[in-house]
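A.B. asks: One letter stands for each residue in the lines below.
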Amino acid sequence: MEKSDEMVTPGEVLGRATELKAGKGAYVASQNNTIYASLTGFRRIQPPPPDSPDQRPTVEVTGHKAHGPVPEPGSVVIARVTKVMARTASADIMCVGPKSVREKFTGIIRQQDVRATEMDKVDMHSSFHPGDIVRAVVVSFIFSLGDARAYYLSTAKNELGVVSAESSAVLPSLFNFGPKHRRATMVPISWTEMQCPLTGQIQQRKVAKVVS
Amino acid sequence: MAAKPGSAPTTYSPNLGQKTRPPIFKDNDLDWVRPDGRGFHQCRPAFFRTGAVNSASGSAYAELGNTKVIVSVFGPRESKKAMMYSDTGRLNCNVSYTTFGTPVRGQGSDHKEFSSMLHKALEGAIMLESFPKTTVDVFALVLESGGSDLPVVISCASLALADAGIMMYDLVAAVSVACLGKNLVIDPILEEESYQDGSLMLTCMPSRYEVTQLTFTGEWPTPDINEAMQLCLDACNKLGKVMRTCLKEAASASQE
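Those protein sequences? They're chains A and B, same order as listed.
Take 1 as the starting number for the first sequence in the UniProt record's numbering and just add one per residue.
Take 1 as the starting number for the second sequence in the UniProt record's numbering and just add one per residue.
Worth double-checking, as some hints may not be accurate.
In the BS3-like style, the derived pairs of lysine-lysine whose C-alpha atoms are separated by at most 25 Å in a straight line are [as the list claims (entries may be wrong)]:
no., chain 1, residue 1, chain 2, residue 2
1, A, Lys65, A, Lys121
2, A, Lys157, A, Lys209
3, A, Lys83, A, Lys99
4, A, Lys21, A, Lys104
5, A, Lys24, A, Lys99
6, B, Lys248, B, Lys238
7, B, Lys248, A, Lys65
8, A, Lys65, A, Lys99
9, B, Lys182, A, Lys21
10, B, Lys241, A, Lys65
11, A, Lys65, A, Lys24
12, B, Lys120, B, Lys241
13, B, Lys241, A, Lys24
14, A, Lys24, B, Lys238
15, A, Lys121, A, Lys83
Which chain B residues face chain A? A few, computed with CB under 10 Å, are given here [what the hints assert, rightly or not]:
no., residue
16, Phe131
17, Phe139
18, Leu143
19, Ser207
20, Val211
21, Arg244
22, Leu247
23, Lys248
24, Ala250
In case anyone wonders, no lab produced these hints; they're calculated from the structure.
Heads up, the beta-carbon is just placed ideally off N, CA and C, and yes, glycines get one too.
When you get a sec, could you build the whole thing from the sequences and use the hints?
C.D. replies: Quick look at the structure:
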């Protein structure tokens, strides 16, 4: 796979479009059919998959420094809920796929995107609490990508929803010093409920089904 | 000096007779000798370094003679201002001068148009559709103004963008030429810029041989325009090579 580890910079010629396909970090200039690099990195040539009709190898530039990930429609994101209102909840997107973002993006979960069934009977406060970590997917329908500032997120699948939440249970402290509230990570019981291990209190959330 | 009592008060009034500045070069064969001893078609040696600012996504520092510029790039990140939804990314540029950067303290605000000129020079080279709905912020700070400020800012900004991993069609190199009477002087310093009759700044993508921005000011005799543009294109090519070496050195240094 590593045919040549040559360092390239944006604008350098990588090859001809007749012999190679442009992969990540490269693009084809239509005027003269050449492939140029668009990032700084190492030039790698991937052999073509054996069953594809186009037998050209793919040339790509594996960047030594890629810019932070940007949420795209259809990507799974991890977000922390910041505000819960009557019909929407705001969340700060922290990770896109496996990578964490450099600076946070804002997402909005609308009432109709919380779950797939009985969408008009959703109570936002029984689905999310501020501080919850949720796994969601960026809505893919182009007109609903969001308003100018926020992305629309959806948790309407079994594996999406709250993955981690802290209980708001308050325990009386035995001593005069030390923290008065003890917060614990809640344990999921069903797809609508989570239980605090310290107090046994059950709270309602839209829980994500963790595939183990 | 205090006026003697009883004498007429000393006043000054402008000379209305002289409307045009007298020509600097009265003889045709008087040659301008460059203060730093360079040839007319010789640029200043360029020094570039990337990774100058740790907290930014990408950054670069450029020094050409006395002109020192540092550029930081942030992004792609959410746009703070409420803007229309756009399916391509946005570029936001800002060029500012330090108060100690110009010979007269605080006179950098004369160059408010540099921000929009930097934007026009860079937007043709960046693949905006690779970061839809987000913004890339480019902040340029001129630490010392020694002439040819904007070309140095543009070249340094394109290095910073490459350092930040923003996808671009090509690097952007910029060079300016000043017309001093009959002489064409490349990469003018501050003193030469104050005497110039006209100036040309050319910004191009050297590998693709495409010009992204062309700025002419002042008076230009027609045959000189062509020669000046050729000079600039050639210098941009060489500057492009210097910039690529800098990027490769920085990248291989970070690999180890």
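A.B. asks: Decide, hint by hint, whether the structure agrees.
C.D. replies: Evaluation of the provided hints:
no.: 1; hint: Lys65(A) - Lys121(A); verdict: violated (46 Å)
no.: 2; hint: Lys157(A) - Lys209(A); verdict: holds (9 Å)
no.: 3; hint: Lys83(A) - Lys99(A); verdict: holds (24 Å)
no.: 4; hint: Lys21(A) - Lys104(A); verdict: violated (34 Å)
no.: 5; hint: Lys24(A) - Lys99(A); verdict: holds (17 Å)
no.: 6; hint: Lys248(B) - Lys238(B); verdict: holds (16 Å)
no.: 7; hint: Lys248(B) - Lys65(A); verdict: holds (12 Å)
no.: 8; hint: Lys65(A) - Lys99(A); verdict: holds (13 Å)
no.: 9; hint: Lys182(B) - Lys21(A); verdict: violated (51 Å)
no.: 10; hint: Lys241(B) - Lys65(A); verdict: holds (21 Å)
no.: 11; hint: Lys65(A) - Lys24(A); verdict: holds (13 Å)
no.: 12; hint: Lys120(B) - Lys241(B); verdict: holds (23 Å)
no.: 13; hint: Lys241(B) - Lys24(A); verdict: holds (24 Å)
no.: 14; hint: Lys24(A) - Lys238(B); verdict: violated (28 Å)
no.: 15; hint: Lys121(A) - Lys83(A); verdict: holds (20 Å)
no.: 16; hint: Phe131; verdict: holds (5 Å)
no.: 17; hint: Phe139; verdict: violated (15 Å)
no.: 18; hint: Leu143; verdict: violated (24 Å)
no.: 19; hint: Ser207; verdict: holds (4 Å)
no.: 20; hint: Val211; verdict: violated (14 Å)
no.: 21; hint: Arg244; verdict: holds (5 Å)
no.: 22; hint: Leu247; verdict: holds (5 Å)
no.: 23; hint: Lys248; verdict: holds (5 Å)
no.: 24; hint: Ala250; verdict: holds (8 Å)
The structure is inconsistent with the numbered hints 1, 4, 9, 14, 17, 18, 20, although it conforms to all the rest.
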